[in-house]
Structure formats: structure tokens, C-alpha cells
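> From first to last, the protein sequence lines are chains G and C.
Those letters in the first sequence? Residues 1 to 172, by my numbering.
Those letters in the second sequence? Residues 173 to 244, by my numbering.
Do not rely on the hints blindly, as some may be mistaken.
Unchecked claim - The list that follows gives simulated cross-link-like pairs (lysine-lysine, DSS-like), each with its CA atoms no further than 27 Å apart:
{"hint": "1", "chain 1": "C", "residue 1": "Lys216", "chain 2": "G", "residue 2": "Lys54"}
{"hint": "2", "chain 1": "G", "residue 1": "Lys140", "chain 2": "C", "residue 2": "Lys206"}
{"hint": "3", "chain 1": "G", "residue 1": "Lys125", "chain 2": "G", "residue 2": "Lys140"}
{"hint": "4", "chain 1": "G", "residue 1": "Lys125", "chain 2": "G", "residue 2": "Lys54"}
{"hint": "5", "chain 1": "C", "residue 1": "Lys206", "chain 2": "G", "residue 2": "Lys53"}
{"hint": "6", "chain 1": "G", "residue 1": "Lys168", "chain 2": "G", "residue 2": "Lys125"}
{"hint": "7", "chain 1": "G", "residue 1": "Lys54", "chain 2": "G", "residue 2": "Lys100"}
{"hint": "8", "chain 1": "G", "residue 1": "Lys168", "chain 2": "G", "residue 2": "Lys154"}
{"hint": "9", "chain 1": "C", "residue 1": "Lys216", "chain 2": "G", "residue 2": "Lys154"}
{"hint": "10", "chain 1": "C", "residue 1": "Lys206", "chain 2": "C", "residue 2": "Lys216"}
{"hint": "11", "chain 1": "G", "residue 1": "Lys125", "chain 2": "C", "residue 2": "Lys229"}
{"hint": "12", "chain 1": "G", "residue 1": "Lys149", "chain 2": "C", "residue 2": "Lys201"}
{"hint": "13", "chain 1": "C", "residue 1": "Lys216", "chain 2": "G", "residue 2": "Lys125"}
{"hint": "14", "chain 1": "G", "residue 1": "Lys140", "chain 2": "C", "residue 2": "Lys224"}
{"hint": "15", "chain 1": "C", "residue 1": "Lys201", "chain 2": "C", "residue 2": "Lys216"}
{"hint": "16", "chain 1": "C", "residue 1": "Lys224", "chain 2": "G", "residue 2": "Lys154"}
{"hint": "17", "chain 1": "C", "residue 1": "Lys206", "chain 2": "G", "residue 2": "Lys149"}
{"hint": "18", "chain 1": "C", "residue 1": "Lys229", "chain 2": "G", "residue 2": "Lys168"}
{"hint": "19", "chain 1": "C", "residue 1": "Lys229", "chain 2": "G", "residue 2": "Lys100"}
{"hint": "20", "chain 1": "G", "residue 1": "Lys53", "chain 2": "G", "residue 2": "Lys140"}
{"hint": "21", "chain 1": "G", "residue 1": "Lys168", "chain 2": "C", "residue 2": "Lys216"}
{"hint": "22", "chain 1": "G", "residue 1": "Lys100", "chain 2": "C", "residue 2": "Lys206"}
Worth flagging that the hints you see were computed from the coordinates, not collected in a lab.
Residues per chain, in single letters:
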Amino acid sequence: MYQLRSLVRPSLQLFRRGVQASTRLYATEAPAASAGPGKMVVNFVLPHEVLVKKQAVNQVNLSAVSGDLGILADHVPTVEQLKPGIVEIIGDESGSGTQKWFVSGGFAIMNPDSSLNINAIEAFKLDQISTESVAQELAKAEQNLASAKSEQEKEIAAIEIEVYEALKSALA
Amino acid sequence: MAFGWRNAGLNYLEYSSVAARALRRVVTKEVAPKVARRDAMALKFSKWSEGKAGELKPAPVAGVKADQGTSA
């Protein structure tokens, strides 16, 4: 038994040392943010427009498929799929202040260097959305869902309802 | 309900373009003209055989009926 242990231990230690040297843990992953302490750099792009370019901000709130989340500087690197919902970028008063957008869906990618890339197909400020049209289109989509003949038509109506319900609660 | 569209045979690109189109429909009058141009999307295809082009058909777009698609 002793013999076995003495055989195993050195190799285990070696293994451990090797692991420590080669893996970067989350706490060590993020180097000092280039935007200053407690800040992260945000890029927010659409296929046809750049909305936010390399802006240093404090926090970004997203509505992701895995749940609503607020991202601060030095967040664990992650990729999140965005639901139709609000993207809120919280900056300083001296900078651009707080910006709120409604996105139709997309992705947010938090990088190890504390930069956040957000991409979406469409994004609008809330004052660019007409509340009456949302109510009308929601009713229309619900009608489409009820009268849908194929599974695909049903799902398309369900997607539209998801968008309009999210908009309704965002505008309320 | 999440990802139900996948079971119905839609892929992510179709899902996200349906959602984007839904969002474009509810913008205010001020921004609508600029937005409408992005809504138009058309792809036509034809099958070639023996050096001749077949019938030119519009590619189907999820959530858009063939007759209301852009026929430019």
C-alpha cells in the first residue's frame, strides 16, 4: 500500500503543477481593463449601422435566453443569445449616460479582456416605437396564431407574439 | 415555448428575421421610411440544366407569403 502511494504521489504532484501552469482560471483571465478600473468597453452593432463603438461604460443589462443579466467589468467570458428585449447600457454622466434599446434578437459576447460585443438584427430606442401599433400587431399575431394552418405558421405567429409582448412590457 | 420554432423546421436565421420584421412593423412614422427599405429582401433562383436556365422562382422567405413578397 505504501509503495503504491509513493508511486502515485509524485506523479500526482507533477500533474497538479502542470495543470496550474497551463490553465488560466476565471479570476486571472481578465487583465486590467483598458478602459479604466470598473469600466468595460462596449461595441453594439447592427448589420447596417454601428450604434456604440468602443465606449467605456459601467454596466450593461441584457435580456438573454438563459435569463436577464447585468454585466459589469471583468465578467466571466461568455456568449449569450439575446431574446427580443431591452439592452441597457449604463455609462457615466460625463459620457453618454444611460442608453436603452429594444433589440429583436442577437448575441452578446463578453471577451476575456473585459470588452463586450453586442450584435442584433434590429434595435430601436423606445421612443421610436409606436405603442398603438404594438397593440394592433399583437392582436393581429394572436389572430394568426389561432387561425394558423401549419406548424410553421403557428410558430411564426408565436415569435411575433413574443416580440410584441416583450415590447408591451418594455413600454409599460 | 422557447425554441419551439426549431421543432417547426425554422432555423435561427429565419427565427431572427421573423422577429426583426415584426419589430420593424411597429416603429413610429418618423423612422418608418428608412426602416422599410431594410424589410425588402428577395432572392430568386432557377435551376440550370444542359446549359439552359430553368424557370426563375422566388426563394421562399419564412413568414412572408409568396404574393406579398417583393416582386421587383
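> A separate judgement is required for each hint: does it hold in the structure or not?
Going down the list of hints, with the structure as the test:
no., hint, in the structure
1, C:Lys216 <-> G:Lys54, "38 Å, violated"
2, G:Lys140 <-> C:Lys206, "24 Å, holds"
3, G:Lys125 <-> G:Lys140, "23 Å, holds"
4, G:Lys125 <-> G:Lys54, "19 Å, holds"
5, C:Lys206 <-> G:Lys53, "22 Å, holds"
6, G:Lys168 <-> G:Lys125, "14 Å, holds"
7, G:Lys54 <-> G:Lys100, "17 Å, holds"
8, G:Lys168 <-> G:Lys154, "21 Å, holds"
9, C:Lys216 <-> G:Lys154, "26 Å, holds"
10, C:Lys206 <-> C:Lys216, "24 Å, holds"
11, G:Lys125 <-> C:Lys229, "37 Å, violated"
12, G:Lys149 <-> C:Lys201, "33 Å, violated"
13, C:Lys216 <-> G:Lys125, "34 Å, violated"
14, G:Lys140 <-> C:Lys224, "44 Å, violated"
15, C:Lys201 <-> C:Lys216, "31 Å, violated"
16, C:Lys224 <-> G:Lys154, "39 Å, violated"
17, C:Lys206 <-> G:Lys149, "33 Å, violated"
18, C:Lys229 <-> G:Lys168, "38 Å, violated"
19, C:Lys229 <-> G:Lys100, "41 Å, violated"
20, G:Lys53 <-> G:Lys140, "37 Å, violated"
21, G:Lys168 <-> C:Lys216, "36 Å, violated"
22, G:Lys100 <-> C:Lys206, "20 Å, holds"
Figure legend: structure checked against the earlier numbered hints; hints not met, in rising order: 1, 11, 12, 13, 14, 15, 16, 17, 18, 19, 20, 21.
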